[in-house]
Amino acid sequence: MNESTREAIHLDDNRVLHADGRVSCVHCSAELGHRDTDYLAQALRRERAPEASGPNIRVKAEVFVDQPMVLRQALCPNAMWCCKPKSCRRAMRFFARPASRRRENELGSIAPSAHGYNDSLATGVNMNSPLPSSRRVWPNAGYSRVPYWLYTDQEIFEREMTRIFRGPSWSFVGFAAELPESGSFKTTSIGNRSVIICRNRDGELRGFVNRCAHRGVKFCRERLGQTSRFTCPYHQWTYDLNGALKGVPFQGGVKGQGGMASDFDPKQHGLQQLRIAEHHGVVFASFDEHTEDFLDYLGEANRYYFERVFDGRDIRILGYTRQLIPGNWKLMFENIKDPYHASLLHVFLVTFGLFRADQESQVKMDPTGRHGLLISRRGSQTASEHTKDIANLRTDFKLRDPRLLDPVKEFKDSATVVMQTLWPNLIIQQQSNTLAMRQIQPRSPQEFELSWTFFGYADDDEAMTLRRLRQANLMSASGLVSGDDSEIIKLAQDGLTAYPDDEALLAMGGHDTQDEDHMVTEAAIRAFYKHYRAVMEI
Amino acid sequence: MDVHGLRDQLEDLYARYVESLDDGPLDLWPEFFSVRCLYLILPRDNYERGLPLAVMRCESRDMLIDRVTAIRETMLYEQRYLRHHVTNIRVRAAAADALEVSANFSVIEVLPDDLPRVAMVGRYLDKLVASPHGGWWFAEKLCIYDSLLVANSIIYPV
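Here the protein sequences come in this chain order: A and B. The numbering of the first sequence is my numbering, which starts it at 1 and goes up by one. The numbering of the second sequence is my numbering, which starts it at 1 and goes up by one.
The following block holds chain A by itself, in its conformation from the complex (with noise of 0.2 Å):
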């Protein structure tokens, strides 16, 4: 075999990458673009007139994105854009059954090739392309109702991976202050992959991924570390703080046998390079080229909320804890968008006045929906005519040591909790003095890691250090209040998994998405799903 058909990668059933970093159709061998592009959802944004597709077309491109089983003809411009759906679906369904449970001729003159699907594609073993099964069409109740196959489908999970973390989006990563000086790093994980962050010669941040561009390797093993440069422990293969290839041992062969290809380019096997943000000491990367600038991407609103705990003061991390919890990631996501579970499963938070149904907050959304904040000022543990359906108040309970819970005001507004969201992987929590960034890391459709840095400023005294180490006891795996939430995630999990095709309600404050001055509603999560079917395109 020669070098470009050997290193030719099946990408999905549509497209084929070759050496060079070409793509290619599957079926007619036509160019469609380089891998650094991200040529499935060009294909799917790009707006053409149905009948500029082929001499046959009769249908509009919506149509494909609320079926999207056609895109090969979406990706490859010598395919013809379908002209009969229902022949598609009929297809589609032929392909979703096993082989036993198919007649022959069932499916008369359709010809599957020319529909873009087959069997492989039945069995979901690709990302990009369009969903199988015919269950897989979301309920008609717009965002207040969620199929329960979103959080179990494999399928789904890897269209996540694809679309979400590896799309236009910023995933935070980590503080300026964890890594201080040239060649500091740090690995952590965006979506299911692993990166590295680290701080180049020129004291600029950059981020690639943690896996040798020779065999695959996840080379580095450290959390935070320090070197001068990246070496893989299987062949040596070297790379320095830009993750540019340096070193290939015996790469000319030794003794003038063997050696690299002569076509070898290192230049052309760097580590894949994320793109980096950087505002105000926190640190966001990106795998997509044409995200948006930081800033625009984060939004006024939640610009305001950002900047009022990252003020520009230096940083002081206190540590990290990480858990592993059995539920779908977007579960967390939901737990944090909605004020009405506060109430009632946080004892301990309603207990203390921390965060209670009858104070005054508000929930806010930037305009696509994807970030959100939940805002509430602190009250008092006495019981009131709005408590009342909040079975399991308790006023009778006093701390005996109340240093446990000593809150200090300390931000500029009289908001005393601020949960801010960020798509895909963020939530900046800051409850009293207690301050974390709890990020996201999902490993499977039914499994995801919190992990969360706690951090102060630099300029907090012994005391304040203290309060919040004392109140982080609110916090995280253990946590008088968040350990409520990770048990609730797992019963949620257990519970829906077996109901694939059952939905979830989310009806509170009605179906729509706008902001609101209250906690008794679930519109940050509808607004959360607005924004995911589109960037889904389910």
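These are computed hints drawn from the structure, not numbers from a lab. Be a bit skeptical, because a hint or two may be false.
Derived pair list, reagent style SDA-like, types lysine to any residue, alpha-carbon separation capped at 20 Å [stated by the list, open to error]:
1) Lys490(A) <-> Tyr81(B)
2) Lys255(A) <-> Leu76(B)
3) Lys490(A) <-> Arg117(B)
4) Lys490(A) <-> Leu76(B)
5) Lys490(A) <-> Leu82(B)
6) Lys490(A) <-> Ile155(B)
7) Lys530(A) <-> Gln268(A)
8) Lys490(A) <-> Ile71(B)
9) Lys398(A) <-> Arg80(B)
10) Lys398(A) <-> Ile65(B)
11) Lys490(A) <-> Gln79(B)
12) Lys490(A) <-> Thr69(B)
13) Lys530(A) <-> Trp138(A)
14) Lys490(A) <-> Ile65(B)
15) Lys490(A) <-> Arg80(B)
This one's a predicted model, so the numbers in the text were calculated from it and none came from an experiment.
Since the structure of chain A is provided, determine the placement of chain B on it from the hints.
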């Protein structure tokens, strides 16, 4: 000092400590500590990097009692059985009224519909003081866990 006698005392102390967690009643647990004390459960990487954050932090016997009350009265969690196993108890420093002791621990957790699993593995670094009633109290107990990725939640103390 009678080394063997001390070893027997410590074996007995840790056995009773663990029993309070595994078989209860949990109210007995704070009684193993001095009135002013420090109890921390923290991941090993924080400890080794000198980062102060603990997932459970109690600075007095009263704070331990508050934690027990919260576990009983306010927290939501799936019911579970735990078995703590303490081994390699070693006296690192000894005076007449104070000891420094280290030991390994592992915690097996059983959830109602799951097989048993190792929920946590780590090491105690303890400082003990002589109790006025005889025996020893924990004045400081650091529960430093190697299993950095916590299996969902830590509800009960270690």
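Going through the hints against the structure:
no.	hint	in the structure
1	Lys490(A) <-> Tyr81(B)	holds, 17 Å
2	Lys255(A) <-> Leu76(B)	violated, 69 Å
3	Lys490(A) <-> Arg117(B)	holds, 16 Å
4	Lys490(A) <-> Leu76(B)	holds, 12 Å
5	Lys490(A) <-> Leu82(B)	holds, 18 Å
6	Lys490(A) <-> Ile155(B)	holds, 14 Å
7	Lys530(A) <-> Gln268(A)	violated, 39 Å
8	Lys490(A) <-> Ile71(B)	holds, 18 Å
9	Lys398(A) <-> Arg80(B)	violated, 27 Å
10	Lys398(A) <-> Ile65(B)	holds, 11 Å
11	Lys490(A) <-> Gln79(B)	holds, 13 Å
12	Lys490(A) <-> Thr69(B)	violated, 24 Å
13	Lys530(A) <-> Trp138(A)	holds, 12 Å
14	Lys490(A) <-> Ile65(B)	violated, 28 Å
15	Lys490(A) <-> Arg80(B)	holds, 14 Å
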